[in-house]
Every structure is written in C-alpha cells, then in structure tokens.
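J.: Note that the protein sequences, when read in sequence, are chains Z and Y.
Each residue of the first sequence is one higher than the last, beginning at -12 in our numbering.
Each residue of the second sequence is one higher than the last, beginning at 1297 in our numbering.
Treat the hints with care, as some may be off.
The following label-pair restraints were derived from C-beta to C-beta distances [unchecked claim]:
#: 1; chain 1: Z; residue 1: PRO176; chain 2: Y; residue 2: ASP1602; range: 29 to 39 angstroms
#: 2; chain 1: Z; residue 1: ILE(-9); chain 2: Y; residue 2: LYS1443; range: 43 to 53 angstroms
#: 3; chain 1: Y; residue 1: LYS1351; chain 2: Z; residue 2: GLN32; range: 47 to 57 angstroms
A few chain Y residues that face chain Z, going by a derived Cβ cut-off under 10 angstroms, partial list only [unchecked claim]:
#: 4; residue: GLU1327
#: 5; residue: ALA1372
#: 6; residue: THR1564
#: 7; residue: ASN1566
#: 8; residue: PRO1570
Straight line, CA to CA, 25 angstroms or less: simulated PhoX-like cross-link-like pairs of lysine-lysine [as the list claims (entries may be wrong)]:
#: 9; chain 1: Y; residue 1: LYS1586; chain 2: Z; residue 2: LYS222
#: 10; chain 1: Z; residue 1: LYS228; chain 2: Y; residue 2: LYS1586
#: 11; chain 1: Y; residue 1: LYS1586; chain 2: Y; residue 2: LYS1575
#: 12; chain 1: Y; residue 1: LYS1351; chain 2: Z; residue 2: LYS181
#: 13; chain 1: Z; residue 1: LYS228; chain 2: Y; residue 2: LYS1348
#: 14; chain 1: Y; residue 1: LYS1505; chain 2: Z; residue 2: LYS222
#: 15; chain 1: Z; residue 1: LYS228; chain 2: Y; residue 2: LYS1351
Hints were generated in silico from the structure; no laboratory data involved.
Quick caveat, the model's predicted, so the values are computed rather than measured.
Cβ coordinates follow ideal geometry from the N, Cα and C atoms, glycine included.
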Amino acid sequence: MFIIESPVVEVKILQDNIFLLKIHCPEIASIIKPAQFLNIRLSSQSYPLLRRPFSVCDVEGENIYLLFNIFGEGTRILAGKSNGDLIDILGPLGNGFILNDDYETAVIVAGGLGSAPFPFVTRALKDKKEILSFVGGRTSKDVITYGMKNVFTTNDDGSAGFKGTVVELLNSKIDELEKKNIKVFGCGPTPMLKALKEFCVKHNFVCEVSTECAMACGFGICQGCPIESTSNSEKYLLVCKDGPVFNVQDVVI
Amino acid sequence: MSKVDLSVKIGDLYLRNPIMLASGTVGYGSEISEFTDLNTIGGIVTKSLSLKPRKGNPPQRIVETPAGMLNAIGLANVGVEEFIKSKIPFLKKFDVPLICNIAANSVEEYVECTKILTSEETIKAFEINVSCPNVSEGGLQFGNDVKAVGKVTEKVRAATSKPIIIKLSPNVSYISDFAEVVKKEGGDAVSAINTLVGTTFDINTRKPKIFNINGGLSGPAIKPIALAKVLEISRKVDIPVIGSGGIMNWKDVIEFMIVGSCAVQIGTLNFIDPTAPGKFVKKLEDYCLKNGITKISDLTASYLID
Chain Z
-12 MFIIESPVVE VKILQDNIFL LKIHCPEIAS IIKPAQFLNI RLSSQSYPLL
38 RRPFSVCDVE GENIYLLFNI FGEGTRILAG KSNGDLIDIL GPLGNGFILN
88 DDYETAVIVA GGLGSAPFPF VTRALKDKKE ILSFVGGRTS KDVITYGMKN
138 VFTTNDDGSA GFKGTVVELL NSKIDELEKK NIKVFGCGPT PMLKALKEFC
188 VKHNFVCEVS TECAMACGFG ICQGCPIEST SNSEKYLLVC KDGPVFNVQD
238 VVI
Chain Y
1297 MSKVDLSVKI GDLYLRNPIM LASGTVGYGS EISEFTDLNT IGGIVTKSLS
1347 LKPRKGNPPQ RIVETPAGML NAIGLANVGV EEFIKSKIPF LKKFDVPLIC
1397 NIAANSVEEY VECTKILTSE ETIKAFEINV SCPNVSEGGL QFGNDVKAVG
1447 KVTEKVRAAT SKPIIIKLSP NVSYISDFAE VVKKEGGDAV SAINTLVGTT
1497 FDINTRKPKI FNINGGLSGP AIKPIALAKV LEISRKVDIP VIGSGGIMNW
1547 KDVIEFMIVG SCAVQIGTLN FIDPTAPGKF VKKLEDYCLK NGITKISDLT
1597 ASYLID
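Pulled out of the complex, with its shape left as it was, chain Z reads as follows (with noise of 0.2 angstroms):
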C-alpha cells in the first residue's frame, strides 16, 4: 500500500462522457491485480474533501489506467488534468478478481461503468483461458467495450445489438454457457449484479462480484462501506478491505 504522486501520461475521451486516464505509477503497476483500486486524492484544498475511489481499469508496462466518467466535481477534475501533472494515489486497495482457479471459460458482464476493470481482466487471461464478455448499457453510449474481447452487447433499445438487460443477454446465451465450464466476473449497478447473482445461483455458476459503495479512507478504518454478509448477521463485511471483489455467494446484494 502506497501514498504516491505520480505523473499523468495521457488523458483520452473513450466515447461520449467516458475518459481513460494513464498515470506513469511503476509503483503500483507491478503489484496491482484486477478489480483492485485506488483512492485518489482530487484537491489539496478543502473540496473535494475525500479521496475519490477508483478500479484500476488497465496495466501496461509501468502505467496504470482509470476509466471514468464525469460524475460531479472529483470526476471533473480528474477528466481537466494534464500531461505531467500530479495524482496523489492511495493504493493498491482490496481484493482483486481470482483468475486462476478451475475453470476453462471466463465470462465477464458489465454493466455501464462497470466495464472499467476488464481491459485488466481480459490482459491477465489473456491466453490462459477462453473468454466470453458480456456488455450492457442504458444507451448505446453507455455501452464500453473498451479493452475487451468476444464481446456481445446489449442495450435499453435494441440499438447495441440485443434489447435489453445484460443479465437478459446473458440468459439469451444459456445453452452454450451450461455445456462449459465457466466462472462469471461481474461488475456493475447494484440491480444487476442482484439479477446476475440469482441468475448464477440459479444455474449453479461460480460468481464473483466487484461491489462498490460509498467510503472515506478506502483502507477500513472508517467503517464507511458495509455490505451485508450472508455468513453472519451480526457482522458486516467491508467493500474496502473484505472486498470490493466477492464470491455472490458471501454477500446480500
């Protein structure tokens, strides 16, 4: 775990409202995993406040990669840097994906921004398994596929190639998933990872799940970030420190 400055490389517009942002951060890079993430430091004055989360969308060499949209002030300021300038980074945080236990096919789904830890994914399976990627959005301008690969897509209007949600996209393709042996990767809003977790359950999947919630420090001493646990009610488990990243199976979504 690091505090770091560490210079921006390039600052991209991906499409519409979606930014790539490349931090020169050797640091980091080399130790990193998918799904892991960052909290950012925004402004050295009193707004934003907190450090700002973020999943590490890609590593490349001695760069790392955030994708993001521009949500509110955190995000805005983020999308305005330039060349050169500095990211004050806290990380890495959490616990990353599991991509080398027993399965064969990896299926990603992703929802809107949930795609930002992918690219990652699909570099680090990258010739060891095989990989299916499921991507929706609201609007076809919601839809990133950025990074990834096979992929299939899905939209509110049919536009992206199938009509509707990405768990629906999913469900188109049952047949062929249940004659594999799969694990399915998972990311996006709360309500679809909810359908994604009754649709693995259902059909007997392993899941896992990068969850996202509210936090202050990222690191677990604010207690800011709980997610219900499935093993014990009288606990809560921590996005930050117990996740992001969970098997659907240890957690109420």
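We have chain Z already, so just place chain Y on it with the hints.
T.: Relative to the frame of chain Z, chain Y by itself:
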C-alpha cells in the same frame, strides 16, 4: 534530543507530544500503522468500544458535504471482550499511549466496560463518548444532559484510577456547563468537540443521502465552531481540553492550542492522508523554535484577547 519540550501531561497521562489520533478514525491501530510510525504519535484513541459487539448502521454511512463529511457508522465495534483478545496484543507492540474510547447505552454499561478494561496495562486512559449523534440510545441522550454527564463521570471515576477524558458534544448551548460538571465529578480532561448533527438530501429522490438520516459532521467545515467551543471552556473552566474538529495541517494544531487545547486529536484527515499527523510533530517543533517557545505546553490558552 529535541530543543523544544513537546510533551504534554493530562492528569497522570503523559504524551510525548500533543498529537493524538481521534477515535473512529484509526480503527484499532493496525491499518494506520502501515502509514505512520505510531511511536512518533502522542497518543491514539480507539474506535468506541461497547460491552457487546455492535453491527453499526446499514449503508450508506458516509457522504461528503462542503468542506466536510457526514458519517453515521453507528458505533460498529468488536466489543470489549474481542478487543482485549485480538486487538490489544497488536497495540502492545507500540510505545504509544493507548486511550480507550467507551460508548454505552446506560451508566451501568459505561462502568462495566471501564471495570473490564482498566486492568489492561496497555490502556493508559479512558475517553468516555457521551456525544455520539448516530445511535438511538446512549450517545447524545447523555451528551445533551448536564446531570447525565455528571453521573457518568462520577460513576466511571469510581471504577478506575486511570485518567478519564469526557468527549463532549458541540450540539449544546453552553459546552462549558458540561466541562464544569466533568471537573466537579472528578474527570481529568474533556475532548472538544465530537461531530455536529447534520443531514443532506438528494433533490431528485427527496431521500436522505445517509441511511440514518442524520450524521455527524466533521472536517474543516467545523473548525471555527470547534475553536469557539474550546475557547469557551478554556475561559470558564479550569480543566485540560483536548481540541479536535477539522484539523488539516500543523497550523490548525497551533491554533487549537492557542485557544486553550493542551493536546489535539486528528480525525477526518486520517482518512485522506494517514501520514499527515506524524509529519506535524517536526512542524510544531520548528514553530516553537522560531517563536522562542521552549515548552509547547506554554502555548496552551496563550490567546491574547483585548
């Protein structure tokens, strides 16, 4: 050897310098120790402990507000028994005074917790939380009532010979009345201030942004209020005050000392830059050297008001 005496005495509690880490912002020490050498800090105050473990409030627990944040954690904690079993052994490794913060639903529970913990040698003092705004019972129910604060102080005083610090609420008209009763009932010091009650709503859903509706406001937004409360106590009551509320840099520490604090607690800043408190110590020393101050305790209540 430092040319400036940075040490602070609060009753029998000796701190090597006035920088303390506030309850609820350092957990039980292990996470923060990855960023700061705890042996350089004046003292650490644990997350509030209750007799039994508390689950705390459901999400959302935290939201940022202008120059501050609201939290409604709900005193989630491992409970006294688990604290002794699994947290104290780690904390023993450090040469830093450990102050145990206690939260309870009743006077009896405060006393019971104190009695159990007081035999632990590692614990050097108690901070009694009578001012948490985020639980339905206890907390502010005590903190808003001078008699109740007096009663808690009296009973906890009888339960331990170690220094007791009462953490006061700012959500009252005259905080000095509360400091007065703490002094009368044998408390060694007060911490001022706990968080201020606040809320914020989403204008699209018309719902509160945190589950508990109200939360405790902290961060730089509350610093002027905290300074005024510390000053009020300092001018009216002869009791050591540990100042806290929105400290973001070493200059804030000096300011808190000038208005009457003998030591300070760093809170919200630990979430943003957990390395910062450790860096303040050298800055305080530099300030003292530059201003001809040989004992930092001389800064306490050194305000000049015409």
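J.: Would you pick out the hints that fail for this structure and give their numbers low to high?
T.: Per hint list: 1, 3, 9, 10 violated.
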